[in-house]
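*Asks:* Read off the chains here:
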Amino acid sequence: MFTSIKRIFKSGWQSFSRDGDIAAANIFIMTMTILLATSLFLFKDISQILISAIREKADISVYFKTAAQEEDILNIQGELSKIPEVKDVEYVSKEKALEDFIQRHKDNQVLMGSLEEVGGNPFLAALNVRAFEASQYQAVVNFLDATLEPVYQNLIEKVDYYQRKPVIERIFALTSGAGKVGISLSIVLAIVAILVAFNTIRLAILNQAEEIKIQRLVGASNWFIRGPFLVQGAISGIISTLISLLIFALICWFLGPKIEFLFSGLNVWKFFTGNFFTIILIQLSTGILLGAISSSIAIRKYLKV
Amino acid sequence: MIKFQEVTKIFPTNSPNGYPTTALDNISFEIKPKEFVSIVGRSGAGKTTLLRLLMAEEKPTRGQVFIDGLDIHKIKPGKLPAVRRRIGAVFQDYKLLPSKTAYENVAYVMEVIGADDLEIARDVPEVIEIVGLTERTNNFPVELSGGEKQRLSIARALIHRPEVILADEPTGNLDPYNTSDIIRLLLKIHELGTTVVLSTHNKEIINKLGKRVITLENGKIIRDEEEGRFIL
Numbered sequence: 001m002f003t004s005i006k007r008i009f010k011s012g013w014q015s016f017s018r019d020g021d022i023a024a025a026n027i028f029i030m031t032m033t034i035l036l037a038t039s040l041f042l043f044k045d046i047s048q049i050l051i052s053a054i055r056e057k058a059d060i061s062v063y064f065k066t067a068a069q070e071e072d073i074l075n076i077q078g079e080l081s082k083i084p085e086v087k088d089v090e091y092v093s094k095e096k097a098l099e100d101f102i103q104r105h106k107d108n109q110v111l112m113g114s115l116e117e118v119g120g121n122p123f124l125a126a127l128n129v130r131a132f133e134a135s136q137y138q139a140v141v142n143f144l145d146a147t148l149e150p151v152y153q154n155l156i157e158k159v160d161y162y163q164r165k166p167v168i169e170r171i172f173a174l175t176s177g178a179g180k181v182g183i184s185l186s187i188v189l190a191i192v193a194i195l196v197a198f199n200t201i202r203l204a205i206l207n208q209a210e211e212i213k214i215q216r217l218v219g220a221s222n223w224f225i226r227g228p229f230l231v232q233g234a235i236s237g238i239i240s241t242l243i244s245l246l247i248f249a250l251i252c253w254f255l256g257p258k259i260e261f262l263f264s265g266l267n268v269w270k271f272f273t274g275n276f277f278t279i280i281l282i283q284l285s286t287g288i289l290l291g292a293i294s295s296s297i298a299i300r301k302y303l304k305v
Numbered sequence: 001m002i003k004f005q006e007v008t009k010i011f012p013t014n015s016p017n018g019y020p021t022t023a024l025d026n027i028s029f030e031i032k033p034k035e036f037v038s039i040v041g042r043s044g045a046g047k048t049t050l051l052r053l054l055m056a057e058e059k060p061t062r063g064q065v066f067i068d069g070l071d072i073h074k075i076k077p078g079k080l081p082a083v084r085r086r087i088g089a090v091f092q093d094y095k096l097l098p099s100k101t102a103y104e105n106v107a108y109v110m111e112v113i114g115a116d117d118l119e120i121a122r123d124v125p126e127v128i129e130i131v132g133l134t135e136r137t138n139n140f141p142v143e144l145s146g147g148e149k150q151r152l153s154i155a156r157a158l159i160h161r162p163e164v165i166l167a168d169e170p171t172g173n174l175d176p177y178n179t180s181d182i183i184r185l186l187l188k189i190h191e192l193g194t195t196v197v198l199s200t201h202n203k204e205i206i207n208k209l210g211k212r213v214i215t216l217e218n219g220k221i222i223r224d225e226e227e228g229r230f231i232l
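Residue numbers (UniProt numbering), protein chains in the order written: chain A, 1 to 305; chain B, 1 to 232.
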């Protein structure tokens, strides 16, 4: 048994090293496939980061009358947080609102001038409410209109839901649409890549059909014939993985700072190093499984002699 | 040892006119152990089909083929390699493994039967020497001449000491000098106690051998003689 396994590995390695051209073609195609599989993995996570970053921007604000006490507002914040549809509730005090405004518009002479003219702090305290889905904001508004105690209801100056509703719904529709398109595109690309790799390996084995037939005729068992092809496929897979990993590391390292400059908080190099083992696992399993399974399927029909 | 019992082989659409071709038509014969039998006939008489049935490369349309009482077309596919290991085959087109050297081609059969590394290291050079290819041990088949390829194919066929050697037109592609070399080797193997089945359409060889000759014509046995001659 051990001798047979040793011979299968030796023969697989020998065929791999002797058929340099075919091995190089297989490795090239498999590297492309693995790179694509890894890109899809990165794309999925990065698009999630971008989508949630955009969704973070969608919220509604509940403004309170000037007379409202901070303690009451915090109580309402507590009540809102208990609603299952609510993701989070942020309290922005009058002072904080003024500070943010000044910070944002300090270079705008006109706005700063107007603020001085109004005098004091014209801003209202507010609660910024974020829900998980666009459709859930209605539940928040219903809660504020109906379920909340009348004492608290009287403290509310206005809820800007109806002004922001179209924008919020558009943001959610666009981001979920982008997600679906991304997933469909990924599936199509993955299928194409796998078919290309599979057919390359199949053509390489077609070249060796006569050799397989001879091996059968001299009495070799199916496993003794199939084994070296699987080993050959797996070796191509491992080498393709190493090449892909190197290419990917270089791309992430090189593009990381540039992408971070475009989308703040998105560092692909950190993402790569943080998910290093998952990426290796995806690449190795894609490479080895693709190589070994394609060889195994392609060789089947020649073993019927 | 080998028995063909009312064997018919019809290839459904193999003929140029698209009609079924009867390659073998209800043939029966037996080969005893340690016999040297030549199968002769014109091209298309059914010689190669007969040997392919014996190697279980093809299945008969009707009838049975036995090796030591075992119907080789009834056994499970997984058991077929074990039957083939009892046979050594030599083909007109050599059928050598192109990606392996001369040594590796011969050693492969030993590996297939599970021989240990020591046995392989001892027997392979010995057999390669018997067929006169010591100088070519590390050459690939593409680097060998026709005669050398056929001698290598014989080395591969006899390395595991099979009970039967099947030689399908082994001299078909060779010049007269190499032809007599190959026949001498086959006779030597036979003298050592191996059953040899030789298919050929070389009149000179058959007439010199003076062994049993089965003559095929249009898929039928028309003559089966001990110490036969090539008569067509």
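Treat the hints with care, as some may be off.
[Claimed, not checked] Below 25 Å or equal to it, Euclidean Cα-Cα: the simulated DSS-like pairs (lysine-lysine) are:
1) K94/A to K106/A
2) K213/A to K59/B
3) K100/B to K6/A
[Stated by the list, open to error] Where chain B lies over chain A, by a calculated footprint (3+ residues, C-beta under 8 Å):
4) 130 to 140
5) 173 to 185
Worth flagging that the hints you see were computed from the coordinates, not collected in a lab. Even glycine gets a Cβ: it sits at the ideal position worked out from N, Cα and C.
*Asks:* Confirm or reject each hint.
*Replies:* Cross-check of the supplied hints:
1. Our distance criterion of 25 Å between C-alpha atoms is met by K94/A and K106/A, whose separation comes to about 18 Å.
2. Restraint check for K213/A and K59/B: the C-alpha separation of about 16 Å stays at or below 25 Å, so the hint holds.
3. Annotation: proposed proximity of K100/B to K6/A holds, straight-line Cα distance about 17 Å (limit 25 Å).
4. For the segment 130 to 140 of chain A, the proposed coverage by chain B is not satisfied: 0 residues have a C-beta within less than 8 Å of a C-beta in that chain, short of the threshold of three.
5. Here the segment 173 to 185 of chain A counts 0 residues with a CB under 8 Å from a CB of chain B, which misses the bar of 3, and the coverage is violated.
Hints 4, 5 from the list above are not met by this structure, while the remaining hints are.
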